[in-house]
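2 protein chains.
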Amino acid sequence: MPLFHRVTILGPGLLGASLCMAVKERMIAEKVRVWARKQSALELCKQEKWCDETEPNIKDAVKDTELVIICTPVNTIEETLSEIIQESTENTIITDVGSVKEKICRIAHAESQSYNSIFIGSHPMAGSEKSGMQYARSDLFDHRTCMITPFPDDPAEKVSILESFWVQLGMNVQQKSPKEHDKIVASVSHLPHLIASTLAEYLSHRPEDWLEMSGQGLKDTSRIAGGDPLLWREIMKSNRFFLLDALDSWLGSVNDFKKNLTEERWEELENYLAKAKKCQTKI
Amino acid sequence: MPLFHRVTILGPGLLGASLCMAVKERMIAEKVRVWARKQSALELCKQEKWCDETEPNIKDAVKDTELVIICTPVNTIEETLSEIIQESTENTIITDVGSVKEKICRIAHAESQSYNSIFIGSHPMAGSEKSGMQYARSDLFDHRTCMITPFPDDPAEKVSILESFWVQLGMNVQQKSPKEHDKIVASVSHLPHLIASTLAEYLSHRPEDWLEMSGQGLKDTSRIAGGDPLLWREIMKSNRFFLLDALDSWLGSVNDFKKNLTEERWEELENYLAKAKKCQTKI
Numbered sequence: 002m003p004l005f006h007r008v009t010i011l012g013p014g015l016l017g018a019s020l021c022m023a024v025k026e027r028m029i030a031e032k033v034r035v036w037a038r039k040q041s042a043l044e045l046c047k048q049e050k051w052c053d054e055t056e057p058n059i060k061d062a063v064k065d066t067e068l069v070i071i072c073t074p075v076n077t078i079e080e081t082l083s084e085i086i087q088e089s090t091e092n093t094i095i096t097d098v099g100s101v102k103e104k105i106c107r108i109a110h111a112e113s114q115s116y117n118s119i120f121i122g123s124h125p126m127a128g129s130e131k132s133g134m135q136y137a138r139s140d141l142f143d144h145r146t147c148m149i150t151p152f153p154d155d156p157a158e159k160v161s162i163l164e165s166f167w168v169q170l171g172m173n174v175q176q177k178s179p180k181e182h183d184k185i186v187a188s189v190s191h192l193p194h195l196i197a198s199t200l201a202e203y204l205s206h207r208p209e210d211w212l213e214m215s216g217q218g219l220k221d222t223s224r225i226a227g228g229d230p231l232l233w234r235e236i237m238k239s240n241r242f243f244l245l246d247a248l249d250s251w252l253g254s255v256n257d258f259k260k261n262l263t264e265e266r267w268e269e270l271e272n273y274l275a276k277a278k279k280c281q282t283k284i
Numbered sequence: 002m003p004l005f006h007r008v009t010i011l012g013p014g015l016l017g018a019s020l021c022m023a024v025k026e027r028m029i030a031e032k033v034r035v036w037a038r039k040q041s042a043l044e045l046c047k048q049e050k051w052c053d054e055t056e057p058n059i060k061d062a063v064k065d066t067e068l069v070i071i072c073t074p075v076n077t078i079e080e081t082l083s084e085i086i087q088e089s090t091e092n093t094i095i096t097d098v099g100s101v102k103e104k105i106c107r108i109a110h111a112e113s114q115s116y117n118s119i120f121i122g123s124h125p126m127a128g129s130e131k132s133g134m135q136y137a138r139s140d141l142f143d144h145r146t147c148m149i150t151p152f153p154d155d156p157a158e159k160v161s162i163l164e165s166f167w168v169q170l171g172m173n174v175q176q177k178s179p180k181e182h183d184k185i186v187a188s189v190s191h192l193p194h195l196i197a198s199t200l201a202e203y204l205s206h207r208p209e210d211w212l213e214m215s216g217q218g219l220k221d222t223s224r225i226a227g228g229d230p231l232l233w234r235e236i237m238k239s240n241r242f243f244l245l246d247a248l249d250s251w252l253g254s255v256n257d258f259k260k261n262l263t264e265e266r267w268e269e270l271e272n273y274l275a276k277a278k279k280c281q282t283k284i
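Protein chains in written order, with my numbering: chain C, 2 to 284; chain R, 2 to 284.
No lab work stands behind these hints: they were computed from the structure.
Only a predicted model underlies this, so the values are computations on that prediction, with no experimental measurement involved.
Don't take every hint at face value.
The list cannot tell twin chains apart, which means a pair is met if one copy fits it or any two copies do.
[As the list claims (entries may be wrong)] SDA-like mimics (lysine to any residue), calculated; alpha carbons at most 20 Å apart, straight line:
id, residue 1, residue 2
1, Lys60, Lys177
2, Lys220, Thr146
3, Lys276, Pro230
4, Lys283, Asp210
5, Lys177, Thr77
6, Lys50, Glu26
7, Lys276, Ser161
8, Lys47, Glu79
9, Lys283, Asp61
10, Lys283, Gly216
11, Lys279, Pro230
12, Lys47, Gln135
13, Lys238, Glu264
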């Protein structure tokens, strides 16, 4: 038996549409309902096998559904949540797929206590430097990590249903508090993006033909700098305190490297590289 | 007709053995001769189809051959060169595959004038974080860039034969002076390695389970930190002046980013990310 009768996806972009596909393919819900702000996006969805129902009114979209997943752009999650939270009941779990969790979870938690609705944050760590429905793939979530960020007083049964949902999508689920989540992703996701971007920005000031003399190493190291600038601006803005902490600590590591290089401490430099290699093999 | 009657590979590691394979597969030489310092490595080569002849004596190995490629570890290239340069004649092109060119080319150029031998540096930008003959692949060089670093007074005919050799291996060949080469690779190869290593070193100080919450982005950004520490220590040591220059300029870019983040200049930060993205698409 499917886990849900109906799942509702708000925002059929890369993540939203991929979720629809994966939910249908793995038969996690009998019905997949889609809401989009633009009528044109809804028209496209109607033609897809992974979409059973479309609903142009967001308040109606969240009725009679057991799971609502907010997949709108990261800077509109709060606004989307505020449009639906009063309409939702304790029979519906609301979640999102945003990369930063502390603020949205705090707001949702406060509001849900007034309205008797249930919000539990999710962060499926799947994506791509591409965005848009046309890049959606049903296997986007396979073997990836999903963090869920409940508060201690969230109903355990609902937390466990949400966890099952992501597990059934093929994900490795980890529970963290919203704050811990933000601290961790600052280091393992946002800092790498920042670093890749600084490398690419540095190279943008060098002669263009230098890039022809690069190999796979530079391609890999810089790849994520190809992500959407507006999306990443919003992510970094939302998580700026933890990101600045991570940036400062990492600059300490850069400084240690530089010291070894400047002072020609070759053995220390080799040890540093060996430590880095050892950690890299675990990534 | 093959470009050469005989090609000699000194040091059948990842690059050396891959060269042997590719030379045979593409019929660039009638005979492939291999020299290795260890007898056990030569015994292994004897069993391979890509090896026509083995020669345990390095001075004999470079006789009656039109191309000698030094593929020994980066910190032994100078030593290997000094063992063979007096034995070599003007009928033989000696080259190497090292990642840093200025010093070796300067030494070789000075010596070759005394001994009437010909050395022209090469840097095929192909490789892997793996090393050793067992990882060798005949397609390692396909569509990769190879820099060759002649001096202006090197015989044009020999430069052109060496260029043809790498082109026949499927590579995109670029000519630069040894000094320009080192300056460019400091930015497009050695700095990315340094950066990936600082990220991995930073993460080695964080709780180990954080890595379970990372995605493909961190994998890609850190991948090259998995390279051999001793090899990279030697590369960075040989190119420390240009690498320090590149490091300092890049730290300027990091500082610009940090300033935007600290002072909450979101529009500038988005522009920065957009500039980085634009450059990244050309990599």
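The hints, checked one at a time:
1. Proximity of lysine 60 to lysine 177 under the C-alpha cut-off of 20 Å is found in neither arrangement, the shortest distances being 30 Å within a copy and 64 Å between copies.
2. For the homomeric pair lysine 220 and threonine 146, the shortest alpha-carbon distance between copies (13 Å) is at most 20 Å, but the shortest distance inside one copy (24 Å) is not.
3. In this assembly of identical chains, lysine 276 and proline 230 lie within 20 Å of each other by CA distance solely across copies; the values are 9 Å between and 32 Å within a copy.
4. In this assembly of identical chains, the alpha carbons of lysine 283 and aspartate 210 lie at most 20 Å apart only when taken from different copies (10 Å versus 35 Å within one copy).
5. In the homo-oligomer, the alpha carbons of lysine 177 and threonine 77 never lie at most 20 Å apart, since the shortest distance is 23 Å inside one protomer and 50 Å across protomers.
6. With identical chains, the CA atoms of lysine 50 and glutamate 26 are at most 20 Å apart within one copy only, with a shortest distance of 10 Å there and 48 Å across copies.
7. Neither within a single protomer nor between protomers do lysine 276 and serine 161 lie at most 20 Å apart by alpha-carbon distance, with minima of 38 Å and 43 Å respectively.
8. Taking CA atoms no more than 20 Å apart as the test, lysine 47 paired with glutamate 79 passes in neither setting, with 27 Å inside one copy and 68 Å between copies.
9. Taking the closest pair of Cα atoms, lysine 283 and aspartate 61 never come within 20 Å of each other, the shortest separation being 46 Å inside a single copy and 45 Å across copies.
10. In the homo-oligomer, the alpha carbons of lysine 283 and glycine 216 lie at most 20 Å apart only across protomers (12 Å), although the nearest pairing inside one protomer, at 24 Å, exceeds that limit.
11. In this assembly of identical chains, lysine 279 and proline 230 lie within 20 Å of each other by CA distance solely across copies; the values are 10 Å between and 32 Å within a copy.
12. In this assembly of identical chains, lysine 47 and glutamine 135 lie within 20 Å of each other by CA distance solely inside one copy; the values are 14 Å within and 53 Å between copies.
13. For the identical chains of this complex, lysine 238 and glutamate 264 are inter-copy neighbours only, at 11 Å across copies versus 37 Å inside a copy, given an alpha-carbon limit of 20 Å.
The structure does not agree with the numbered hints 1, 5, 7, 8, 9 stated previously, though it agrees with the rest.
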